[in-house]
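Asks: Sequence:
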Amino acid sequence: MKRSICLGLLFLFAILCSQLSAQSGSDIAALRGLAPVSALLNTEAGKAALGANYTVTGGIQTGVIAQPTLLPFPEQQQQAMRDAFSTINNLAQLADGLGTTLGSAYVAHFHYIDQRRTSTLPQSIGDLIRYATAISGSHSSEAKYLFANETTDGKTAVSPDEVALLKEIRGVDDVFGKAYRLPAGSAGADAYGNSRPYQTEPNVARFEGPDYLNRPAGNFVYNHGPVMDLTNSPSYPSGHTTYGYTGAVLLAVLVPERYAQMITRGAEYGNDRVIMGSHYVMDVLGGRTLALYDVAHMLANDPAYMGLSARGAAPINDFQKAVKTARAELVRVLQNGCGNTIKVCATEDTGRFNNIVADEAFYESTQTYNLPVVYAKNAGLVEDVAKLAPEAGYLLTQAFPSLGLERANKILTETEGPGGGFLDNGSAFGVYSRLNLYAAALRARQVVEGN
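In this text, residue positions in the sequence shown follow the numbering used here: the first is -17, and each later residue adds one.
What the hints contain is simulated information worked out from the structure, not anything from laboratory work.
Just so it is clear, CB atoms sit at the ideal spot from N, CA and C, and this is done for glycine as well.
Hints should not be assumed to be uniformly reliable.
Cβ-Cβ distance ranges computed for the label pairs, FRET-style [stated by the list, open to error]:
no., residue 1, residue 2, range
1, Arg163, Pro192, 31 to 39 angstroms
2, Ala343, Thr44, 14 to 22 angstroms
3, Arg64, Gly41, 30 to 38 angstroms
4, Ala340, Pro192, 35 to 43 angstroms
5, Ala30, Glu346, 44 to 52 angstroms
6, Pro285, Gly362, 48 to 56 angstroms
7, Ala169, Ala358, 35 to 43 angstroms
Modelling step: build the complete structure from the supplied sequences, incorporating the hints.
Replies: The following block contains the structure:
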C-alpha cells in the first residue's frame, strides 16, 4: 500500500513538474518578449518613445488627438465605459464584431445575467475560451509585477530567471514611474510601480455613463474605485487588451467570415483603455503583441503551450482539435439563431463595423500610435515572418486552411506594419508587434476566394 502511494505521488510529481516546466517555458518567452520596455531609458530613442507614449496617451484620452474612431468621440467614451467590464467567461461583449445578426445570435445564447452569473456555454466553446484567456491572462499578470517591481504580486520576489531578463538588457523596473516622475510609493502613485495615466497625466477627461451591465458608472470610479480600483495595479501591459485581442482572434478563427471585423473590435477594445485613462498606448501595444504571440503558439499546438493548468481552466492537449470542435458547435448555434448560413448572416451588419474603409482607417491608427522608432536597424527592414516566427501563420491557416502555412506567413510578411518600434528588437516576439492582422485577413480572403 505504501509503495503504491509513493509511486502514485512520484507519478503526480512528474506530471506537475512537466506542467510547471512547460508553463515556465512559455512564461519566460512571453516575458522576455515584453521586456524591452524596461530598457527604454538607456537610449535617446527610447526616452523619446517614452515621451511620445505620455503625450499621445494624454492627447487621445482628452480628445486633443482626434482618432478615426468608429463612433463620435462622446459615444466612443460611452463604449469605453461599457468595455471596462470584461466578459471573460464567454466573450459576449466582443460579439458585436460578428455583425448585427450573428452578434445578436451569439449573445442570445452566451451572455452575462449579472456580474457573476452567465448563461451556460457548450463545453467545447467554454473550454477553448477559458484555456486561451487563462494562458494569455496569466502572462499579462506576471508581466505587470515583474516590470513594476520584480515581484509576482507586488511583494513576492520573482525567480532568478525572470530577474535575469531585465539584467541582460540593462532594464529597470518602474520605467514609467521613473520616466514620468512618479516613482512607486510616492504620493498618488502605484505602490508597486508603473503608475497608470490617470495617475501621471496632468489632465484626465472624466465622463460618466452605464457600464456593460447597465450600472451607473464613470471612468473615475472604475480607475480610482470603488467599482474597480486600479490604484495599485501596474500599468504594463494592458490585461484588458490582452483579453480583448485573445478573444477577438478566437472569434475570428471560429467565424472566418468576420475575421477582419473581429480584429477591428480587438483594436477598439484595446484603444478604449486609453480613452478610459487606464492605460498608455504602450500598454495596449504590449497587450496586443502578447495576445497574438500566445494565441499563435496555441493554434500551432506548440508543446510548451499544451496541457497547462492556469486559473482553473481545463488543460487542452490539442488546441487545433479543440478549435475544430468548438467551431462546429458555434456554427450550429449561430445558424439556428440567425436562421440562415453563416456566410449569409455574416453580411448582415448595420453596426459600426460595416464600413471596411472606416474599419481600416481606425485599425491603422492603432498599429503604432505614431510612436517614434527605437530600433532604427529594423525601421526600414521587411522582417521575414516565416524565418523569425513561423508559427505566426497559424493565425491565418486555422481560419483559412487552404492557404497553407507558407502562403500565410508570406501574407503576414507582405502586410506587416512599420518596424523598429519599442518591442521590435529583431526577436521572434518582436515581429508580432508588427503584424497587421487586419490587412492580412483581407489579403488572405482575397487569395482564398481567388480575387
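Asks: Can the suggested window of 31 to 39 angstroms be confirmed for the beta-carbon pair Arg163 and Pro192?
Replies: Because 36 angstroms falls inside the window, the suggested range holds.
Asks: Do the beta carbons of Arg64 and Gly41 sit within 30 to 38 angstroms of each other?
Replies: violated, 23 angstroms
Asks: Could you tell me whether the CB distance from Ala343 to Thr44 stays inside 14 to 22 angstroms?
Replies: Given a distance of about 21 angstroms, which is inside 14 to 22 angstroms, the answer is holds.
Asks: Taking 35 to 43 angstroms as the hint, is the beta-carbon distance of Ala169 and Ala358 inside that range?
Replies: Check passed, 38 angstroms falls within 35 to 43 angstroms.
Asks: Between the beta carbons of Pro285 and Gly362, is the distance compatible with 48 to 56 angstroms?
Replies: Since Pro285 and Gly362 have Cβ atoms about 36 angstroms apart, the given range 48 to 56 angstroms is violated.
Asks: Please check whether Ala30 and Glu346 have a Cβ separation lying inside 44 to 52 angstroms.
Replies: violated, 22 angstroms
Asks: Is 35 to 43 angstroms a correct range for the gap between the Cβ atoms of Ala340 and Pro192?
Replies: violated, 25 angstroms
The structure fails hints 3, 4, 5, 6 (numbered hints given earlier, in ascending order).
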